[in-house]
Every structure is written in structure tokens, then in C-alpha cells.
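2 protein chains.
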Amino acid sequence: MYEELFEEILRSKKGVLGKFWEHTYLRLTHAYGGWPEGTVFLKDLAVSGFPKIGRINALVPGLKKQFASCSFWMEEKVDGYNVRIFHYQGKILCATRGGFICPFSTDRIMDLMSADIFNDYPTLVLCGEITGPENPYIEGPSPLVDEDIKLFIFDIAKLPTFEFLPQQQKQELLYRYGLPSVKNFGLFENRQEDFEKIKKILLNLHYEYREGVVFKEEPSGRRAKYVTANSDLNDIAVFSRKIMDISPNYFIDRMLRYVLFLIDMGIIEENGWEEKLGKAFVSSIKEVLNYLKENGKSSRLFRCRFRNPQNAQHFIDHLKHIPRHEEHIVVKGFFKDKEYWILEFEKIYPSTGDSLRNWLSGALRFD
Amino acid sequence: MYEELFEEILRSKKGVLGKFWEHTYLRLTHAYGGWPEGTVFLKDLAVSGFPKIGRINALVPGLKKQFASCSFWMEEKVDGYNVRIFHYQGKILCATRGGFICPFSTDRIMDLMSADIFNDYPTLVLCGEITGPENPYIEGPSPLVDEDIKLFIFDIAKLPTFEFLPQQQKQELLYRYGLPSVKNFGLFENRQEDFEKIKKILLNLHYEYREGVVFKEEPSGRRAKYVTANSDLNDIAVFSRKIMDISPNYFIDRMLRYVLFLIDMGIIEENGWEEKLGKAFVSSIKEVLNYLKENGKSSRLFRCRFRNPQNAQHFIDHLKHIPRHEEHIVVKGFFKDKEYWILEFEKIYPSTGDSLRNWLSGALRFD
Numbered sequence: 001m002y003e004e005l006f007e008e009i010l011r012s013k014k015g016v017l018g019k020f021w022e023h024t025y026l027r028l029t030h031a032y033g034g035w036p037e038g039t040v041f042l043k044d045l046a047v048s049g050f051p052k053i054g055r056i057n058a059l060v061p062g063l064k065k066q067f068a069s070c071s072f073w074m075e076e077k078v079d080g081y082n083v084r085i086f087h088y089q090g091k092i093l094c095a096t097r098g099g100f101i102c103p104f105s106t107d108r109i110m111d112l113m114s115a116d117i118f119n120d121y122p123t124l125v126l127c128g129e130i131t132g133p134e135n136p137y138i139e140g141p142s143p144l145v146d147e148d149i150k151l152f153i154f155d156i157a158k159l160p161t162f163e164f165l166p167q168q169q170k171q172e173l174l175y176r177y178g179l180p181s182v183k184n185f186g187l188f189e190n191r192q193e194d195f196e197k198i199k200k201i202l203l204n205l206h207y208e209y210r211e212g213v214v215f216k217e218e219p220s221g222r223r224a225k226y227v228t229a230n231s232d233l234n235d236i237a238v239f240s241r242k243i244m245d246i247s248p249n250y251f252i253d254r255m256l257r258y259v260l261f262l263i264d265m266g267i268i269e270e271n272g273w274e275e276k277l278g279k280a281f282v283s284s285i286k287e288v289l290n291y292l293k294e295n296g297k298s299s300r301l302f303r304c305r306f307r308n309p310q311n312a313q314h315f316i317d318h319l320k321h322i323p324r325h326e327e328h329i330v331v332k333g334f335f336k337d338k339e340y341w342i343l344e345f346e347k348i349y350p351s352t353g354d355s356l357r358n359w360l361s362g363a364l365r366f367d
Numbered sequence: 001m002y003e004e005l006f007e008e009i010l011r012s013k014k015g016v017l018g019k020f021w022e023h024t025y026l027r028l029t030h031a032y033g034g035w036p037e038g039t040v041f042l043k044d045l046a047v048s049g050f051p052k053i054g055r056i057n058a059l060v061p062g063l064k065k066q067f068a069s070c071s072f073w074m075e076e077k078v079d080g081y082n083v084r085i086f087h088y089q090g091k092i093l094c095a096t097r098g099g100f101i102c103p104f105s106t107d108r109i110m111d112l113m114s115a116d117i118f119n120d121y122p123t124l125v126l127c128g129e130i131t132g133p134e135n136p137y138i139e140g141p142s143p144l145v146d147e148d149i150k151l152f153i154f155d156i157a158k159l160p161t162f163e164f165l166p167q168q169q170k171q172e173l174l175y176r177y178g179l180p181s182v183k184n185f186g187l188f189e190n191r192q193e194d195f196e197k198i199k200k201i202l203l204n205l206h207y208e209y210r211e212g213v214v215f216k217e218e219p220s221g222r223r224a225k226y227v228t229a230n231s232d233l234n235d236i237a238v239f240s241r242k243i244m245d246i247s248p249n250y251f252i253d254r255m256l257r258y259v260l261f262l263i264d265m266g267i268i269e270e271n272g273w274e275e276k277l278g279k280a281f282v283s284s285i286k287e288v289l290n291y292l293k294e295n296g297k298s299s300r301l302f303r304c305r306f307r308n309p310q311n312a313q314h315f316i317d318h319l320k321h322i323p324r325h326e327e328h329i330v331v332k333g334f335f336k337d338k339e340y341w342i343l344e345f346e347k348i349y350p351s352t353g354d355s356l357r358n359w360l361s362g363a364l365r366f367d
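Sequence lines, in order, name chains A and B.
Heads up, the first sequence is in the UniProt record's numbering, so the first residue is 1 and it goes up one at a time.
Heads up, the second sequence is in the UniProt record's numbering, so the first residue is 1 and it goes up one at a time.
Keep in mind the hints are simulated off the structure, nothing from the lab.
In this text, all values refer to a predicted model and were calculated from it rather than measured experimentally.
One thing to keep in mind: the hints can contain errors.
[Claimed, not checked] When the alpha-carbon atoms are kept at most 25 Å apart in a straight line, the in silico SDA-like pairs for lysine to any residue are as follows:
(1) B/Lys347 - B/His328
(2) B/Lys65 - A/Glu294
(3) A/Lys338 - A/Pro309
(4) B/Lys64 - A/Pro323
(5) A/Lys52 - B/Asn358
(6) B/Lys65 - A/Tyr291
(7) B/Lys347 - B/Pro248
(8) A/Lys52 - B/Leu364
(9) B/Lys279 - B/Gly266
(10) B/Lys13 - B/Glu37
(11) A/Lys279 - B/Arg176
(12) B/Lys197 - B/Lys225
(13) A/Lys225 - B/Leu360
(14) A/Lys197 - A/Gln171
(15) B/Lys279 - A/Leu203
[To be verified] Chain A side only, calculated, beta carbon under 10 Å to chain B, not exhaustive:
(16) Leu17
(17) Lys52
(18) Tyr207
(19) Ser283
Idealized CB from N, CA, C, for every residue including glycine.
Take these sequences, add in the hints, and give me the full structure.
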């Protein structure tokens, strides 16, 4: 039924075809006919793109403004990559934010959760974050996972509308099926007393280098995210390793948020924040330069585990289709280690490497 | 004779007309017919745009590569704004880098230098930097000037070709006419001994928060600039006051150069550089936020002195014609103080003020 749309969407350049095993699918690279970017169309199933969540950069004014009248839930926001997990023709598939059917996540999903829920509710979509040191997308430390990867579910949506279940119904299902989920910090009200509790939780998350929280109001569906300064700091340190392959606004935004969080929490005057910010840049740039001297390039090594070796091949093909990843992926190793196939690959950051190599060679630069 | 070109240039959108007193002139906003951007055409005189000087970001490799065979001069690079000073119809006019006849610089030029040289050599163009706490363009401290402004000449060019005089001839003229000039550190060769001397000078400039140096080879005309880490740091602190009105690349570039300079000088492992970099951002962002709370906007106050009050009016008109300055200049005061007319005006940084005000109000942001 959706196949009929394919040609029209492709002609309008709002979507791109993909293939995963026997499935041909179309993912929306731009909103189309009411479907948001990231929507996945299979032959007879449409999984809507995950809606963007706005950010507040000032905690109390943000909560007062966004959740003026009602109470709201606060859940942990985990720093990983977003997956929509759904049942299709007897299999569980995982779509990333961009609407790719991810060969890695799909390969490993049965290690991360039980699929029982889909036996009883085949039209549900579980929305979660995958994180861990052996994930193939997100760089940097993952304070919640020591090895390999883990899944943290934060939403359950119902097909065909992709309407989110209310918090309590979601919690019930997560509990009943023993599904791994993000931490829920409870229900809060728009009042000073609760703001203080929220701040205390955020400060703890901050000191544990965890990313932050998402606030969710019901039944309005209003949502807002808010992240910790140490999460911004971590992003800055990690992304400085590829400083010229990243939009420079990425850094400016995070520096501003860093300061605003510290002000929000009343800890800006404590010692050490300036040094930490400077260190995030300086240490990473020094690392980049040292790595460049030794290796002649700027890159980072990734390692992840697969169950089915063919999925690893699908995955490499997939990476090469991600915008700006083309030609910058180099497979370094692929071998069996006990029950897993280990894929090691390198992502090359061409602008960072090329520019710095050029500078270090003594080239003239006109800016 | 150049007037005939005006219409053609205007039609091709490579230039813009300007007016200063009785003079109508055309300034090139893009290169045109062999003339570089910033060229000023008066009715019967053309003053070529000042050529861009490339930057080296690694000192010794840069010197080795750029000045491979010959000796080269090293002069101080002063952090101010570039002026070309020339004689036209009995008056001395000053053009800025962009090719504006600057009402401020022209008004004050006779305070900054003697015009005798133009009596003897009316077709010379003096190229210099104007800096000081009361200059209307450049923000931030000026380590070389305590009050008002000063001029530092670094080149003398000959019309009509705008060919630079050789260093010795330039030095002679500067000396003979008692003209203020940048510091000349002497002639160096491409050898380790000289690199060490150069480093020592640069380290001293760095510790005095001075901008850096320009290397000039003769007769090839090759040039290269190199700036100190503390100059980058100063730029970062100053420009963070208008962080969202500035290309974010401005900051990324300076952070990279900051680290590269410290490595070049062998002082990266000394203490405090991380903290200083972090402080440059954090302190400025805190200042912006405090200023915003008190004043409801982000802006900076400028003050400069004029001899002729009409030039101040011309100057305000001029500022409003500078790209991205339109509507963001507010005159705050204009009064006579002894022999000067004092102009006080405010430059408003609209993106910084508007964005941060919006964030602080608790607005949702989708990034």
C-alpha cells in the first residue's frame, strides 16, 4: 500500500530508498505529506519519524513557560542514538533517527530486550536510546554502560498513528515485559519546591557526567529537554577531535549552554569551570595533533559486536550511505570472538586532518 | 578618467558609491578588472585595495616554506584597523580596508602624523594601522596606546601601481619625515639561530598581549603574518561579548591557533593555558548575561574624538553603511570637550541579545 507512494516521494526528492536483507524501504529525508523526516515506509507499514524535542536553556523559566498549568514527568535523557523498534513480517527491525533500518541495532536487538511484547501487541513501536562503548555511531564515554551496548526505552508509540502511550500505561508495559528503560524521576508540579528537587537531581546527573532529562506533560504531549554542563563539556571534548568536520555552531551552542547550566544550578562561581572548558578544547586539540603526527590523519577507531556476520557487511554498506560518511570508513578488522563477530572500523575526519596537516606544513592561509 | 568606470562597475555589482564632503567615490566590494576588493576610485585617482597577507599557523615550517632562499624582515603587526593615507586635491584622505573614505580617520589624521611627505611625494600612499581605546571600530584593549588613538605605518606604496617601496627606502622616508611606524625587528635568515631569535621576540610580544608580526621578503614581495596566543585569547574574550553576531568559525580558528602557538613556543605544558582559554569564554558570556539582565540588550559603548563636528555626522552615516551595522548604531552623546568634539555611540549586537533573551525567557529551541 505504501509502495505506491515511493515513486512520487523519490521524484520530489523528499526520500531515499534503502535495502535491508529482503526489505526495500523508503526513508524520508524531508517531511512529506504530513509525515516527518525520518519516517520509514516499508511495503505495507509506515513508522513515523521520531518527533523533535525542543530544548530549554534556562531551567526554571523554561519549566514555568512550557508547563504552565499541569504537572509533568521527568525522565532521564540518555546520550546515545535513537532507535524505533518495531515488528514487521515476523522480525524485529530497528530504525535510526534518520529512518535507516540499522543493521547493527537490528542484529543485536534480541540481546538487548525480550520481544515478547510484540507477540501481544504487534503494532507497538518501542522508542529508545542505544548507548555504550561498543556502539558504532556515538563517540565518547557512556557513563551508564561499561561494555558493549545497552538499550534504554523512553517511549512506546502505537501504529499506525505513532501516538505515544501515556506514562502510566507505558510504565506498566515496560514492567510487565521486563523491558530496559530510562530512569523516571517522577511527576513534578510547577512550583518552587519541585524546582528545587529537579535541580538536585540534575546536579547529581551533572556530577555523574550523564546527559540530562526530558520533561513530559500529559495529556498535552508537551515535551522539553534540558542537559547538564558536564554533558556539554563531554561533547566539546569529543567533538574537538574532529573540530573542523563539525559545524562550528556545535561548539558555540554548547559553550553557551555550559555557562547557562552552571548559572542555573548556582555553581558558576565555584572553582574550576573555566579550566575544565579550556581543557576540553586544549587537550583534544593536542590529541588531534599528536595523532596526526603519528598517523598522518585524523580518525577514530570504532568496534562493535554482531551476531550474524552478514549484518556487519550490511552495516558497512549502510555507513557509507550516511551523508558525509561516504568514503571515510575504513574496515580495520573483522573476526569471530566467542559468540560474536567483532567489527573494527575507522572513521576518518578529512577536514580536520587535511587542514591541520596543511597548517603544520607551513602553508599560507588566507582567512 | 575613472568616473567612466563607475557605471559599469555599479552595473556588475562589484562596487558601491560613497560620498565624503564634496567627493563622490566608488569602492570595490569585489575584485574588478585587475583591481582588488577595497580599491577606492575617485574622479581621477585610484588607490588599490590593500593586498591580503596570508597567515602561517606553524612558525618554523612556515618560515622555511615561505621564505626558502632569501632573508626576510620582521615587523610588528599592530591590532587596529588598516588605513591607506593619500593626498587628493590638496587634502589628506584615509581609506579603510573596505575602501571607505573614513570620516573619523581623515578628521584626525593630522593629529597622528605630519603631512610634509605629501608635499614632496604627492603620489605616495602611507599604509598603517590605527589603534587605541578611542577608535570607533576595534574593540578590546590596545596594549600600545593608553588613550585616544595612534597611527603605526608599516608600508609605503607608490601610485598609480600601488607598488610597495623596499624596506630601506621606506625606513628612510619614515625617519626623514618623522612618521610613526610599527616596530621593525630586523632582517632574518632562514636558519635555526634566527628562528630562535624570532621565537624570543614573539614570546615577548605574546606576554605583552601584542598581536604578532609580519614577515616580508624582498625583492619577491612574499609576506606572511603570524600572531601570538594572547592576541587570539584577547580576540576570543572580546568577541564572545557578541558571540552570536560573529561567524562561529572565528572562535574555532582562534582556539586552534592558540594551541598551535603555545606548541610552537614550547610552552603548552606550562600551567594555566586551559584556564585562560576557558576564562576568555566564560567571563565574557557571564558579562553578556549580566549586561543583558540590566540593559535588556547586548551592546558596547564606543567613544571617539573629532576635530570637525561635521565629520562626526559623516562618520555616523558611514557606520550605518557598513554591512551588518545598519540600524545597530545608536548615538549616545555628542559634546565639545576642550579642543575635541566627543562622539559616544553604542553598537548593538542583535543576535546575541535576542537569542539569549529568548533562551532566558524559557523559550523552547529546536536545534
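Cross-check of the supplied hints:
1. Our distance criterion of 25 Å between C-alpha atoms is met by B/Lys347 and B/His328, whose separation comes to about 6 Å.
2. About 22 Å separates the Cα atoms of B/Lys65 and A/Glu294, which keeps this hinted pair within 25 Å; it holds.
3. At roughly 13 Å between alpha-carbon atoms, A/Lys338 and A/Pro309 fall within 25 Å of each other, so this suggested pair holds.
4. Of the supplied pair hints, the one linking B/Lys64 and A/Pro323 is violated, its CA atoms being roughly 39 Å apart against a limit of 25 Å.
5. In summary, the hint linking A/Lys52 to B/Asn358 is supported, as the alpha carbons are separated by about 19 Å, within the 25 Å threshold.
6. For the proposed pair B/Lys65 and A/Tyr291, the alpha carbon gap of about 23 Å is at most 25 Å, so the pair holds.
7. A C-alpha spacing of about 19 Å is found between B/Lys347 and B/Pro248, which places the hinted pair at or below 25 Å, so the restraint holds.
8. Pair hint A/Lys52 plus B/Leu364 holds up; C-alpha atoms about 11 Å apart against a cutoff of 25 Å.
9. Of the supplied pair hints, the one linking B/Lys279 and B/Gly266 holds, its CA atoms being roughly 22 Å apart against a limit of 25 Å.
10. For the proposed pair B/Lys13 and B/Glu37, the alpha carbon gap of about 12 Å is at most 25 Å, so the pair holds.
11. Proposed proximity of A/Lys279 and B/Arg176 is contradicted: the alpha carbons are some 51 Å apart, above 25 Å.
12. Distance hint between B/Lys197 and B/Lys225 is fulfilled; the C-alpha atoms sit about 17 Å from each other, no more than 25 Å.
13. Of the supplied pair hints, the one linking A/Lys225 and B/Leu360 holds, its CA atoms being roughly 15 Å apart against a limit of 25 Å.
14. For the given pair, A/Lys197 sits about 22 Å from A/Gln171 by alpha-carbon distance, which is consistent with the 25 Å threshold.
15. Annotation: proposed proximity of B/Lys279 to A/Leu203 holds, straight-line Cα distance about 22 Å (limit 25 Å).
16. About 28 Å separates the beta-carbon of A/Leu17 from the nearest beta-carbon of chain B, more than 10 Å, and the hint is not met.
17. At a threshold of 10 Å, the smallest CB-CB gap from A/Lys52 to chain B is about 5 Å, leaving the interface hint in force.
18. Taken as an interface hint, A/Tyr207 does not check out: its beta carbon lies about 18 Å from the nearest beta carbon of chain B, beyond 10 Å.
19. Hint on A/Ser283 holds. Least Cβ distance to chain B is approximately 8 Å, under the 10 Å limit.
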